[in-house]
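In the order they appear, the protein sequences are chains A and B. Per our numbering, residue 392 is the first one in the first sequence, and the count goes up by one each step. Per our numbering, residue 392 is the first one in the second sequence, and the count goes up by one each step.
Just so you know, the hints here were simulated from the structure itself, not pulled from any lab data. No residue lacks a Cβ here, since even glycine has one placed at the ideal position from N, Cα and C. Some clues are possibly wrong.
[What the hints assert, rightly or not] From the derived model, a few chain B residues whose C-beta atoms are all more than 12 Å from chain A:
1. Gln-435
2. Arg-588
3. Gly-599
4. Ser-619
5. Arg-628
6. Glu-647
7. Gly-658
[Said to hold, decoys possible] Quick list of simulated restraints, FRET-style, between CB atoms:
8. Leu-563/A - Asp-515/B: 47 to 55 Å
9. Gly-683/B - Ala-516/A: 37 to 45 Å
10. Ala-419/B - Val-663/A: 31 to 39 Å
There are 2 protein chains.
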Amino acid sequence: MTSKNFDVVGIGNAIVDVLVQSDDSFLAQHGLNKGTMALVSAEQAEQLYAAMGPGVETSGGSAANTLAAVAQLGGRAGFIGRVRNDQLGAIFAHDLRATGAHFDTPAAESGAATARCMILVTPDAQRTMCTFLGASVALDPRDLDLSIVRQAQVLYLEGYLWDAEPAKRAFLAAAAEVRAHGGQVALSLSDPFCVDRHRQSFLELVEGHVDLLFANEREIMSLYATDSFERATEQVRGHCSLAALTRSDQGSLVLEGELTHLIPIYGLGPLVDTTGAGDSYAAGFLYGYTQGLSAERCGHIGALCAGQVVTQMGPRSQVSLKELVLEHLP
Amino acid sequence: MTSKNFDVVGIGNAIVDVLVQSDDSFLAQHGLNKGTMALVSAEQAEQLYAAMGPGVETSGGSAANTLAAVAQLGGRAGFIGRVRNDQLGAIFAHDLRATGAHFDTPAAESGAATARCMILVTPDAQRTMCTFLGASVALDPRDLDLSIVRQAQVLYLEGYLWDAEPAKRAFLAAAAEVRAHGGQVALSLSDPFCVDRHRQSFLELVEGHVDLLFANEREIMSLYATDSFERATEQVRGHCSLAALTRSDQGSLVLEGELTHLIPIYGLGPLVDTTGAGDSYAAGFLYGYTQGLSAERCGHIGALCAGQVVTQMGPRSQVSLKELVLEHLP
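Looking at chain A on its own, in the form it has when it is part of the complex (with noise of 0.2 Å):
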């Protein structure tokens, strides 16, 4: 594989974070269910702003965090995803290709504004999101730089995609397209809602298509809708030649055939914001894996960069991933 152009290659929402620290009677007063995702219109949007407090704006998105930070790691990253060609989505592609991550998808000339996610953060340093696709849901197959797609050792997809249908059948053509070249596809099922809203579709995308899988502990018992950890990792275990669940402040499993590698929780700081830290956790894996590190190794550094990431406000890494691998995983 090491004749690729690149490590990994992520397809997924193209989004701007708006952060807001908040509280519980927030949520409640706006129906909203901590730790999850809901997906909201324009409308709502613009409503759920004018209540929240100050935010900060930073670049976000699923696979967009995961491949900034295989960049920030060493690793050759590239994004495809849709803008609209306004401020947010200059921001985002600058932040983006700042990290050294390759990005060109075009950016919509015309239709809805660039994606933006509001990320209410609770004392408790979970993070709740509500998010208007925008022009993130204009992505199809047509965007896709197949060029780009060919030459990944590993096609990382956001099940969050799957709520827009264009971007799915987009997101099934890279798959078909890098197996077909040699490489693998990886999948994070991104959001117990997620998973519940497209069950049978993300079924057969695991049992069929999918080579890595990430899940935390709440999407994979989705999946498989069992309310059993245990149930729900012996199904997957034989789906996927590796599977990483993570679960919380339990650290995680990394299925791998027949063994369960036990990877512990990286204590870097005290937690202030969980945003990113299932992305982060893809991003130390993927750099592992592409490396041709074990996949227990693979699991540590996944762990790392989510410990990093835990103690700081936003998603993306405020301090060096490379460095910090260097310094506690030599």
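Since chain A is already given, all that's left is putting chain B on it; use the hints.
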């Protein structure tokens, strides 16, 4: 003065900040003078932005930061400044209103985009700023809502406005209006180079129209074209009823007639980013002043607010300043 509807009304540039972690070599490479503010054209801003690392966007503007903090402290705050009707303009307006401050200057319908300030934060926590003034420059006397200005106990003006001729005229018209209605005028000198560009004009203003002056050591020395802080101190003493002179980690001096109050710094944690330190000091001071507190106590509240904001990235406190004051200065 208590019959007024606003404790403090500010006039200033309406700016969104782009905060980026940087280093001394980047400053040197781009000819930037550490700790100061440089004005850049739209083209220069584009070039610099393309060269910078990933950023975080947050509402800024010197006087706007001060008024946001006055509102956070519980004061009745208003702000006058011009954005464009674009995405960053909407973010600026939201963040200011979300603090409780009044802000209704109409957004420009055409012309340059909302002002943007690229703030390069070096590992020593110093901030170096490059500002594209954009729509801020479009503020002119016709934008002044005199019904708000007349209702101010204190009108607060940032020296940076002197770089935009129509804004300067608006600023002088507002100062005359507030004084005619029994209010007072406060001025922040903003930046040593800004003072240097407009020294004569600032001297006339300070000597004839300013009741409360805020400046740091380099600014007050620039105003009186002297390399002696003591000499500058004696010169300013006669001209304003109150002058608060900040000296970074050496604390601040509050000059009140013949009295000099020495105010210590409040070290609340590791120094992260000095952006907004002066703005927060002015906020604490003006809040105390409009509550009728002694000049010395006003200085302490200012120093406390500044001590908080330097422990975080960005110019506006992420913790409640009201609670901070209750805790440290009950």
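Evaluation of the provided hints:
Taking the minimum C-beta to C-beta distance to chain A, about 16 Å, the non-interface status of Gln-435/B holds against the 12 Å cut. The Cβ of Arg-588/B sits about 29 Å from the closest Cβ of chain A, beyond the 12 Å cut-off, so the non-interface label holds. A cut-off of 12 Å between C-beta atoms confirms that Gly-599/B is not in contact with chain A; the least separation is 36 Å. The beta carbon of Ser-619/B is kept farther than 12 Å from every beta carbon of chain A, the shortest such distance being approximately 40 Å.
Residue-level check passed: Arg-628/B sits 37 Å from the nearest beta carbon of chain A, beyond 12 Å. The beta carbon of Glu-647/B is kept farther than 12 Å from every beta carbon of chain A, the shortest such distance being approximately 33 Å. Distance to chain A confirms Gly-658/B as a non-interface residue, since its nearest Cβ pair spans about 19 Å, more than 12 Å. Here the CB-CB span from Leu-563/A to Asp-515/B is close to 50 Å, well matched to the stated 47 to 55 Å.
In this structure the hint that Gly-683/B and Ala-516/A lie 37 to 45 Å apart at CB holds, the actual value being about 40 Å. The hinted window of 31 to 39 Å between Ala-419/B and Val-663/A holds, with their beta carbons roughly 33 Å apart.
The structure meets every hint from the earlier list without exception.
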